[in-house]
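Undergrad: First to last, the protein sequences are chains L and S.
The first sequence begins at 1 in my numbering and counts up one residue at a time.
The second sequence begins at 1 in my numbering and counts up one residue at a time.
One should not assume that every hint holds.
To be verified - Here are the computed distance ranges between Cβ atoms for each label pair:
1) L:A118 <-> S:R87: 49 to 57 Å
2) L:I97 <-> S:Q90: 37 to 45 Å
3) L:V113 <-> S:V67: 15 to 23 Å
4) L:R123 <-> S:R87: 51 to 59 Å
5) S:V44 <-> L:R123: 16 to 24 Å
6) S:S98 <-> L:M122: 41 to 49 Å
7) L:V17 <-> S:Q90: 35 to 43 Å
8) S:Q90 <-> L:V98: 25 to 33 Å
9) L:E129 <-> S:E96: 53 to 61 Å
10) S:F66 <-> L:I97: 32 to 40 Å
11) S:A7 <-> L:V98: 24 to 32 Å
12) L:T146 <-> S:E96: 16 to 24 Å
13) S:S98 <-> L:I142: 42 to 50 Å
14) L:Y115 <-> S:S98: 18 to 26 Å
Hints in this document: simulated from the structure, not taken from any laboratory.
Note that the Cβ used here is the ideal one computed from N, Cα and C, for glycine as well.
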Amino acid sequence: MIPESLQSLLFWVVATVAVLSAGGVVLNRNAIYSALSLLVNFTMLAVLYLLLNAQFIAMVQVIVYAGAVVVLFVFVEMLLGATGRIQVTGWLTPRLIVAAVAGFLLLSTVGSVVYESAIGGMRGNVTPEVLARAGVVQVLGITLYTDYLLAVQLAGVLMLVGLVGALQLGQQWQRGRPSSLPGSPARSPSAAAESTGRGNTPMRENGG
Amino acid sequence: MPGVPTAWFLLLGAILFTIGAVGVLVRRNVLIVLMCVELMLNAVNLTFVALSRELSSLTGQIFVFFVIVVAAVEVAVGLAILVELNRLRQTADVDEVSELKG
Numbered sequence: 001m002i003p004e005s006l007q008s009l010l011f012w013v014v015a016t017v018a019v020l021s022a023g024g025v026v027l028n029r030n031a032i033y034s035a036l037s038l039l040v041n042f043t044m045l046a047v048l049y050l051l052l053n054a055q056f057i058a059m060v061q062v063i064v065y066a067g068a069v070v071v072l073f074v075f076v077e078m079l080l081g082a083t084g085r086i087q088v089t090g091w092l093t094p095r096l097i098v099a100a101v102a103g104f105l106l107l108s109t110v111g112s113v114v115y116e117s118a119i120g121g122m123r124g125n126v127t128p129e130v131l132a133r134a135g136v137v138q139v140l141g142i143t144l145y146t147d148y149l150l151a152v153q154l155a156g157v158l159m160l161v162g163l164v165g166a167l168q169l170g171q172q173w174q175r176g177r178p179s180s181l182p183g184s185p186a187r188s189p190s191a192a193a194e195s196t197g198r199g200n201t202p203m204r205e206n207g208g
Numbered sequence: 001m002p003g004v005p006t007a008w009f010l011l012l013g014a015i016l017f018t019i020g021a022v023g024v025l026v027r028r029n030v031l032i033v034l035m036c037v038e039l040m041l042n043a044v045n046l047t048f049v050a051l052s053r054e055l056s057s058l059t060g061q062i063f064v065f066f067v068i069v070v071a072a073v074e075v076a077v078g079l080a081i082l083v084e085l086n087r088l089r090q091t092a093d094v095d096e097v098s099e100l101k102g
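Given these sequences and hints, build the entire structure.
TA: Okay, structure coming up:
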């Protein structure tokens, strides 16, 4: 266990890097740099979870967010390539002013609530001693597969639905409509069959 | 309770959430808007885990687990929609796809 003074120091360093990288996500003009800032931010949050004694969540954070999600973002950015061409408008636009005011109001409201009110609520029995004896993964797993079994099943169904939806969208991409003009009429089934052979070849060349 | 005070974590979560919300409002690139949504989800996750430690209860960590599941599915479907949008309109600007008409 890290001594307490070192924990505070670690918290401040990690929190500073997390806030700076979050700002980097918003401020970078290049979406790739934004994705890399996001990666730094996710990793810093994983360190904070370790400080909070939530080792399992920290590992899931690294694997799912820093691994899968950031890779997906970078992949899509590389695939499209066109998103970097969006002009960044100048400072002090009405949109920016409204966003700054809204952000200030949000932060001051939430901050004052955090500052003023004491934390109440039902206390559980999972003290650090229990965790040290049994291990966080074991305790979490038992809770997950007994009390929250239905939620686990529903999460599985949700992931299946998401998989099918993403596959369906990706298939339309691969089929390659005859013309990708906006507002082109819906295809008849025969036209779809006709375009299948034509549309597939360049896709394969690109993807190979 | 040893360790870093919980209020610091809650404040950090509030700051990160605000940065994400401002990003959603300011940026026009769909990809970066999605990243800012992820930032906000992560800020809430941090709050959940901090309160989970404060209250000696694992419910917060279970919630974070499900939030991560939902966020992963959201990113997969959202980016698939973004690819399809880019093929249809050759743009990733949220302002250019403001109408519901296909």
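Undergrad: Among all the numbered hints in the text so far, which are the ones the structure does not match?
TA: Hints 2, 12 and 14 not satisfied by this model.
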